[in-house]
Each structure stands twice: as structure tokens, then as C-alpha cells.
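Residue numbers (the numbering used here), protein chains in the order written: chain A, 30 to 173; chain B, 1371 to 1457.
By construction, these hints were calculated from the structure, which means they are not laboratory data.
Do not take every clue at face value.
[What the hints assert, rightly or not] Label pairs and their computed distance ranges (CB to CB):
{"#": "1", "chain 1": "B", "residue 1": "I1447", "chain 2": "A", "residue 2": "K33", "range": "27 to 37 Å"}
{"#": "2", "chain 1": "B", "residue 1": "F1402", "chain 2": "A", "residue 2": "Y60", "range": "38 to 48 Å"}
{"#": "3", "chain 1": "B", "residue 1": "K1438", "chain 2": "A", "residue 2": "K33", "range": "29 to 39 Å"}
{"#": "4", "chain 1": "B", "residue 1": "F1402", "chain 2": "A", "residue 2": "G62", "range": "44 to 54 Å"}
{"#": "5", "chain 1": "B", "residue 1": "E1456", "chain 2": "A", "residue 2": "S102", "range": "47 to 57 Å"}
{"#": "6", "chain 1": "A", "residue 1": "K33", "chain 2": "B", "residue 2": "K1372", "range": "26 to 36 Å"}
[Unchecked claim] Which chain A residues stay away from chain B? Per the calculated CB distances, all over 12 Å, these:
{"#": "7", "residue": "I53"}
{"#": "8", "residue": "Y64"}
{"#": "9", "residue": "V71"}
{"#": "10", "residue": "M98"}
{"#": "11", "residue": "H100"}
{"#": "12", "residue": "Q112"}
{"#": "13", "residue": "L130"}
{"#": "14", "residue": "A137"}
{"#": "15", "residue": "I146"}
{"#": "16", "residue": "A149"}
Here a beta-carbon is modelled for each residue, glycine too, at the ideal position from N, C-alpha and C.
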Amino acid sequence: MKQKDSKTKQKRKLWIVINYLSIILILSIFYTGKYYDWPVFVIVCEAAFFILLIFSFIKVFIKTQLWKMSHTSDKNLDERQLQVMLNSLKYSYSAFTIIVLVIVYGFAIVEQGPIDIVIAACLLYIAHTLPAAIIGWKEKIIQD
Amino acid sequence: MKSRKLYNRIAVLRKERNISRKELAEIIGVNFQTVGYLEREEYNPSLDLAFKISEYFELPIELIFSTKPLKPLIEEIIELKNKIGEQ
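The whole structure should be built from the sequences, with the hints applied where relevant.
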């Protein structure tokens, strides 16, 4: 039973890594496309990574009900779930602040301007998924 | 502050009452996974939840929860009986 739980946790962690890696790849491909004026190969790659992002999102956040747990009202959670949620929000707040600062300042230095809509969308996605991802990363069992 | 580990007899009592984790969870008003966490002693319940559990099993709270590893319930009852007998 314990071995099965740790296997499931490892799998879940792998999918979380794939999910966030696909965001980085989407952004990299987007700026490559912008620079080389969108050749077909780049468009295909962008679409493939977008599909990977959606697939891994379903696998990590929807099938495990992590999305539901992190987006439900406090009234629907019991005391343990609330504790888990508050803990994950604490970590995600710190992590998200660092991510935003690095991106905003990095963008200002490299591009000499404000962040564009694609990065803003990715940051919005990270803001919404990070608490759930932290729960998925740390918790032993999500579904019994 | 790191809290002490709480040992409990929830798993034994639940099996003795022949109810599932889901049923117990509904009765005490928590998610069924929380019952699993409680049974594996990976989560310390609040005082309110501990009282709900003791009320459901109709047993004193100290017979269900302890800060020390628990002996089998029958041993504890015999010890209690002996103590009462001595008095």
C-alpha cells in the first residue's frame, strides 16, 4: 500500500514538472517564433506544447480533484484540508512573488519594456495552479 | 510550534462497528480521506473533532486518543477494572 502511494506520488510529481516545463517551452517557442517570424515548424511545436500543457493540466489538477479543492469555498473543506490549503497558499505566495519579480525585472532589463500578454497569461495560470501543485507535490494521498 | 504525535484507536473502533471510512467521515463531518489520515496517525484532530469522534463511539476521549502508544483496548479495560477493584 505504502509502495503504491509513493509510486502515485512520484507519478504526480512528474506530471507537475511536465506541466510547468510545458509553460517554459511555450514561452521559449513563442519568443523564437516572434524572432524568426513564425515558421511552420515553430507553430507546430507551439501547438504541441500547448496540447501537452492541457493534457498534463487534466492529469495533475482535474483528475486528482486538486483544482476543485483549491478553488472551492472554505465551507466545503474540513479542518485538515483547510490546514493543507493554508500551508500551500503560504508557500505559493512566496514562490509566486519571486517568480513575478524575476520575470518583470528580467523582462525590463532584456526587452526594456513591460511584460507582454503571453507572459501575463502564463503568470495568471501559475497563480491559479501553484497552490494545487504544491498540495500535489507534498501530500501523500490525494484520492483514496 | 510542532505538536506531539497523537495515537488513536479509530481504525480498530471503526472496524469493530463495521462501518466504512466514508460512513464515519459523513457522521463526523469530514472528508473521507481525513479519516484515513487520522487512522494512520498522520494528522492530529482538533478538540472539536476529537469530541465528535468520542461521542460517536460513545467512549471517553482518553480511551480513543493518547500521547503514548496505545495498548489493546481489552488490556486497558482490565487495568481499569483492577484499579476500580483496588479502590
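Against the structure, the hints:
{"no.": "1", "hint": "B:I1447 to A:K33: 27 to 37 Å", "result": "holds (36 Å)"}
{"no.": "2", "hint": "B:F1402 to A:Y60: 38 to 48 Å", "result": "holds (46 Å)"}
{"no.": "3", "hint": "B:K1438 to A:K33: 29 to 39 Å", "result": "holds (31 Å)"}
{"no.": "4", "hint": "B:F1402 to A:G62: 44 to 54 Å", "result": "holds (47 Å)"}
{"no.": "5", "hint": "B:E1456 to A:S102: 47 to 57 Å", "result": "holds (54 Å)"}
{"no.": "6", "hint": "A:K33 to B:K1372: 26 to 36 Å", "result": "holds (29 Å)"}
{"no.": "7", "hint": "I53", "result": "holds (32 Å)"}
{"no.": "8", "hint": "Y64", "result": "holds (48 Å)"}
{"no.": "9", "hint": "V71", "result": "holds (44 Å)"}
{"no.": "10", "hint": "M98", "result": "violated (9 Å)"}
{"no.": "11", "hint": "H100", "result": "holds (16 Å)"}
{"no.": "12", "hint": "Q112", "result": "violated (8 Å)"}
{"no.": "13", "hint": "L130", "result": "holds (31 Å)"}
{"no.": "14", "hint": "A137", "result": "holds (41 Å)"}
{"no.": "15", "hint": "I146", "result": "holds (38 Å)"}
{"no.": "16", "hint": "A149", "result": "holds (35 Å)"}
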